[in-house]
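J.: Following the hints, position chain B against chain A.
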Amino acid sequence: MKPAFSVIFFTVMSGTGYGLIVWLSALGMIDPDRAVARIGYPLAFVMISAGLLSSTLHLKSPARARHALSQWRTSWLSREGVLALATFAPICLTLWGVFVNDVLWHAATVLAAIGALLTVYCTGMIYQSIRAVRAWATPLTSLAYLLAALAGGGVVAMALTTTVHGAADLVLIAVTALALLGLMAIKIQWWRNLASPGISTVGTATGLGDASDVSLFERPHVTENWLTEEMGFRVARKHAGRLRQMALGLMIVLPVLIQLMAGGIHLLAPLAALSFLLGAFVERWLFFAEARHSVSLYYGASHA
Amino acid sequence: MTALPAHTEKKLGLVIDLDTCVGCHACAVNCKEWNTGGDLAPLSDTDPYGADVSGTWLNRIHSFEVDDGDDARLVHFPKSCLHCDDAPCVTVCPTGASLKRTEDGIVLVDEDKCMGCGLCAWACPYGAREMDAVAGVMKKCTLCVDRIYSDELPEEDRIPACVRTCPSSARHFGDLADPTSDVSLLVAARGGYDLMPEQETRPVNKYLPPRKRVSLPTPAARGDSGPPLTGFWKWLDGALEKVG
Numbered sequence: 001m002k003p004a005f006s007v008i009f010f011t012v013m014s015g016t017g018y019g020l021i022v023w024l025s026a027l028g029m030i031d032p033d034r035a036v037a038r039i040g041y042p043l044a045f046v047m048i049s050a051g052l053l054s055s056t057l058h059l060k061s062p063a064r065a066r067h068a069l070s071q072w073r074t075s076w077l078s079r080e081g082v083l084a085l086a087t088f089a090p091i092c093l094t095l096w097g098v099f100v101n102d103v104l105w106h107a108a109t110v111l112a113a114i115g116a117l118l119t120v121y122c123t124g125m126i127y128q129s130i131r132a133v134r135a136w137a138t139p140l141t142s143l144a145y146l147l148a149a150l151a152g153g154g155v156v157a158m159a160l161t162t163t164v165h166g167a168a169d170l171v172l173i174a175v176t177a178l179a180l181l182g183l184m185a186i187k188i189q190w191w192r193n194l195a196s197p198g199i200s201t202v203g204t205a206t207g208l209g210d211a212s213d214v215s216l217f218e219r220p221h222v223t224e225n226w227l228t229e230e231m232g233f234r235v236a237r238k239h240a241g242r243l244r245q246m247a248l249g250l251m252i253v254l255p256v257l258i259q260l261m262a263g264g265i266h267l268l269a270p271l272a273a274l275s276f277l278l279g280a281f282v283e284r285w286l287f288f289a290e291a292r293h294s295v296s297l298y299y300g301a302s303h304a
Numbered sequence: 305m306t307a308l309p310a311h312t313e314k315k316l317g318l319v320i321d322l323d324t325c326v327g328c329h330a331c332a333v334n335c336k337e338w339n340t341g342g343d344l345a346p347l348s349d350t351d352p353y354g355a356d357v358s359g360t361w362l363n364r365i366h367s368f369e370v371d372d373g374d375d376a377r378l379v380h381f382p383k384s385c386l387h388c389d390d391a392p393c394v395t396v397c398p399t400g401a402s403l404k405r406t407e408d409g410i411v412l413v414d415e416d417k418c419m420g421c422g423l424c425a426w427a428c429p430y431g432a433r434e435m436d437a438v439a440g441v442m443k444k445c446t447l448c449v450d451r452i453y454s455d456e457l458p459e460e461d462r463i464p465a466c467v468r469t470c471p472s473s474a475r476h477f478g479d480l481a482d483p484t485s486d487v488s489l490l491v492a493a494r495g496g497y498d499l500m501p502e503q504e505t506r507p508v509n510k511y512l513p514p515r516k517r518v519s520l521p522t523p524a525a526r527g528d529s530g531p532p533l534t535g536f537w538k539w540l541d542g543a544l545e546k547v548g
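These protein sequences, in sequence, are chains A and B. The first sequence begins at 1 in our numbering and counts up one residue at a time. The second sequence begins at 305 in our numbering and counts up one residue at a time.
Bound conformation, chain A alone (with noise of 0.2 Å):
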């Protein structure tokens, strides 16, 4: 599949964002720390709305992207849709909350964290509904979105936390680096499964045999056209093997091993964070390239 960038900044973006949203909710709990709240609720703010914004850009006719709140009862886009711009209610109110009446309103808070976390599952479930791209068609797609969210906000509000007070909370650096190691277990399952052939070859996209027995004679075009170059995209292996090890190093242990070892070093927890984003802009680049479409039996896949 295309891996279209405004897609990836917003998945990544607006994910982290979500992820410290949640992590302001719960970090508001056991300490209501307005310091920490009111950077870290305008930085999610800004990263969620950057997000949002940028996956407008992947839409041909966006003036019509009001439309896209009509089918929640069936569409996980649209129920993505609906349920970030809900969340927008509790968090619009905790700021106001923070900076005009200097209190954090818990009940604001958690909703916000509750919306958060239902809006990147539903970014999740939108690649997981598709049958047709076999990689993303597992239940670890959704999990995969949640700890990548959970562990990304929690590498920011580690830099928040340690900026603001020099050192980060137990809890917090604990159940991040147990979402990081999560994360990379599913990651490392996600490609395994990806190297193991689907259940659609060119034999049954076509009816006329084994898969050994059907080859592609001839393209309909000579040239490429939209279905090709949407979701005919292919990464080369080895290339391919490179970034699997640069998303890993820097998401997951980079920041662990910063965090272990420096965690009390306030420059240095920054830099996991953007450590973090950075290997996270090479995952979910890799989860769009490296996913196959069964289009591509069409042209000249034998298996998808």
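A couple of the hints might just be wrong.
To be verified - Chain B is faced by these chain A residues, among others (derived, beta-carbon under 10 Å):
# : residue
1 : Tyr127
2 : Thr138
3 : Leu140
4 : Thr228
FYI, nobody ran anything at the bench for these hints, they're computed from the structure. All of these numbers come straight from a predicted model, not from anything done at the bench. Backbone N, C-alpha and C define an ideal beta-carbon position, used for all residues, glycine too.
T.: Showing chain B alone in chain A's frame:
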């Protein structure tokens, strides 16, 4: 609404005969010609006279080589929307632009609602939907809904453009919900099948497999056998023999 109807009164669709398709692409050309000029936005082409020509098509003809050990042959394979009963392209649509009609089962795009997100094309396992680069909306086969219900066209033209133009009668149009319709009988007689049944889309369109070929005996090379030569031909044969 992008919920799928539990039941459609008719299941209008196509039956495509892979045995008789000659791969001439006339169906794709007539499809493009008809559908670029209807009520909907035209099917655009980008760089149509340049080196990197690309365009929106609702029907494309792929060609496959099939070799099962006994026989090797070329099979031309036209592919357009299959108007699935469980169309995944419909339920994923966030705007309500994608729909399956209850009365005849045709899957359509309401272009006034389509925001061009492309998710429906991702959801379709068959690649039956293409984003129009100029109009910014999703395009797909309408089963020529503006022909089949037309009051103005002559009776014989009230079938999809691809079916109307096929010179080898490899395309058939009808109601596949009616077991006595011509298309249903054809599917039953020829063993019509679904594409990618494992994707659980329950396509309405069916494909008829190529018939088993009977090999003709290899003709003997002429000249070495047969009746003896006489007259001029006998003289020429002898003369050539001396020369060579």
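J.: Would you mind marking each hint as holding or not holding in the structure?
T.: Hint check results:
| no. | hint | verdict |
| --- | --- | --- |
| 1 | Tyr127 | holds (9 Å) |
| 2 | Thr138 | violated (15 Å) |
| 3 | Leu140 | violated (18 Å) |
| 4 | Thr228 | holds (9 Å) |
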